[in-house]
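Novice: Listed below, chain by chain, are the residues.
2 protein chains.
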Amino acid sequence: MFKQTFTDLTKLPKQRVRQWLSTFESVICDADGVLWHFSKAIDGAVETFNYLKTSGRKTFIISNNSAITRQEMADKAKDFGIEIEKSSVLTSSFSCANFLAVKEFQKKAFVMGEKGVHAELEQLGICSLKVSEKLEKPMHEFVTELELDPDVGAVIVGRDEGFNMAKLVRTGSYLLNPDIIFLGTCLDAAYPIGNNRVMVGAGATLAAMKAFTGRSPLVLGKPNPWMASPLVQSGAIKPETTLMVGDTLQTDMHFAANCGFQSLMVGSGVNTPKEVQQIIEEGDPKKKVLVPDTYLPSLGHLLEFLC
Amino acid sequence: MFKQTFTDLTKLPKQRVRQWLSTFESVICDADGVLWHFSKAIDGAVETFNYLKTSGRKTFIISNNSAITRQEMADKAKDFGIEIEKSSVLTSSFSCANFLAVKEFQKKAFVMGEKGVHAELEQLGICSLKVSEKLEKPMHEFVTELELDPDVGAVIVGRDEGFNMAKLVRTGSYLLNPDIIFLGTCLDAAYPIGNNRVMVGAGATLAAMKAFTGRSPLVLGKPNPWMASPLVQSGAIKPETTLMVGDTLQTDMHFAANCGFQSLMVGSGVNTPKEVQQIIEEGDPKKKVLVPDTYLPSLGHLLEFLC
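Residue numbers (the UniProt record's numbering), protein chains in the order written: chain L, 1 to 307; chain D, 1 to 307.
The set of hints was computed from the structure by calculation and includes no laboratory data. One should not assume that every hint holds.
The list makes no distinction among identical chains, and a pair is therefore deemed to hold if it is satisfied within one copy or across any two copies.
As the list claims (entries may be wrong) - Subject to a maximum C-alpha distance of 27 Å in a straight line, what follows is the list of computed DSSO-like cross-link-like pairs (lysine-lysine):
| hint | residue 1 | residue 2 |
| --- | --- | --- |
| 1 | Lys76 | Lys137 |
| 2 | Lys115 | Lys130 |
| 3 | Lys238 | Lys134 |
| 4 | Lys40 | Lys137 |
| 5 | Lys115 | Lys134 |
The whole structure should be built from the sequences, with the hints applied where relevant.
Specialist: This is how it looks when you write it as structure tokens:
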């Protein structure tokens, strides 16, 4: 229903929206831009999320944020008043750790990223190495003297505020060995934070690593459907009765399409309805996967159709 | 003559090579990999370069190295015994400075790169700003508090061993203003230094900047024919009687093709004859510009045809 039609739910008869909503047994919400902005909950989001649960639906939070663990994400949500357990949270760092665990990976994982990645690896019994050095001598000397751990079998690159040239060289040097698995947490390169200000995401460091090594990472965050595999494989959710709520086209809406979920775009985050209209007008068939099924200004706007 | 045929000059009759050589009034040599490796001259290169000059040809050195000035490059060459003046040296940093000077650029240039870029800008009367900070607070705070100089009208990104997240954010933030000119020194992302070791070049940081800002730089080093414009525009050289000697396909050989020079690949640097053969066998017409006209194992091998 409404497949890639970008249907504005506020313009439909309430009964029609209620009928559509009744088809969902599970709802997966992106975190930042849907439930909250950094440390501020988005109006009505908490109430709506909790009501979805109370009404008998399975509710999940999914995020490409690799800085914190699933437990920390659940704790953050609980601080806002959201009812959620760790087991209902999926993050890109867990996705990477889970990928290696499923492969029964026995070597060490070298991480250029945030602590969430290390913590999730540890919880799944995978030994991880961290890089925190700086380039304190000429690069030529640094590279010549560089010692690499022969037990490293995978490299994971995520968002890293401490990214520098020494880290680029060391991480890239591991990747020159084609036997080493190359994983990325997500492709987001820039996060607008308003006032024409932009924060750097993992995609920028991955681009540098790709140019340096000629290798492309397997990116395990959204829109890779691997992110949802723990829920789909275990039978916790069925794609056809699952709704994905998100604020970004390249990650959330693309992810929903990749997973066979229905999708709801909310206007409280990164992308705007204008951007969706542009994609529709362009008519590029490759971009069709980015077009949301439905639209609401925010998650809070869903509540009126639920009560 | 020999246009994109990858002719091995050692396999031709000497008289034929001598005749070919007699058509050149000017010879332009790449530096690293052709004349020297870091601090070691390549066998026979100095003698050959000097003989080319003694025999009445105009000789030049061209390099994408933006770390040093033209004068420093000339001094380095002189230390090896090469006869050359600053006015016969072209570098990618000079190329960037010259581009802005020709445009009569009146604002400030913001540089994320090495000191050669600043020095060349200064010599052409262009005020430059340098960034040397580190990210010492959470990125969110750093970005929110970031102050940008409104007089900056151009950003130049080159190889920078001190590259870090704060520099990426500040430089990228200037580039969010589409009126600011975005220049890059060169696209080389990796420099093999033997023993499976690789140094990082400007291309890797440019890739991060491109992913972060969505903007592509105008890259003014080789293979951009702009590099040769001071020589061509002034009439110092004529393309049809100029030979370019280089060791890289993507930069040197592509540059020669872009400029209408004849090209000689030497095997003493980055690329190998095997890589050229692969390109020829693939038969991709887009890659034809990378195929050298002629080949010799090193510049020193040219001497026997000259004497």
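Novice: Checking Lys76 and Lys137: alpha-carbon separation at most 27 Å within a copy, between copies, both or neither?
Specialist: between (41 Å within a copy, 21 Å between copies)
Novice: Quick one: Lys115 to Lys134, C-alpha cut-off 27 Å, is that within a copy, between copies, both, or neither?
Specialist: both (18 Å within a copy, 20 Å between copies)
Novice: Can you give me the call for Lys115 and Lys130, within, between, both or neither, at a CA distance of at most 27 Å?
Specialist: Result: close within a single copy only, 9 Å intra versus 32 Å inter.
Novice: Which holds for Lys40 with Lys137 at a C-alpha limit of 27 Å: within a copy, between copies, both or neither?
Specialist: between (43 Å within a copy, 20 Å between copies)
Novice: Are the CA atoms of Lys238 and Lys134 at most 27 Å apart within a copy, between copies, both, or neither?
Specialist: neither (47 Å within a copy, 47 Å between copies)
Of the hints listed earlier, the one the structure fails to meet is number 3.
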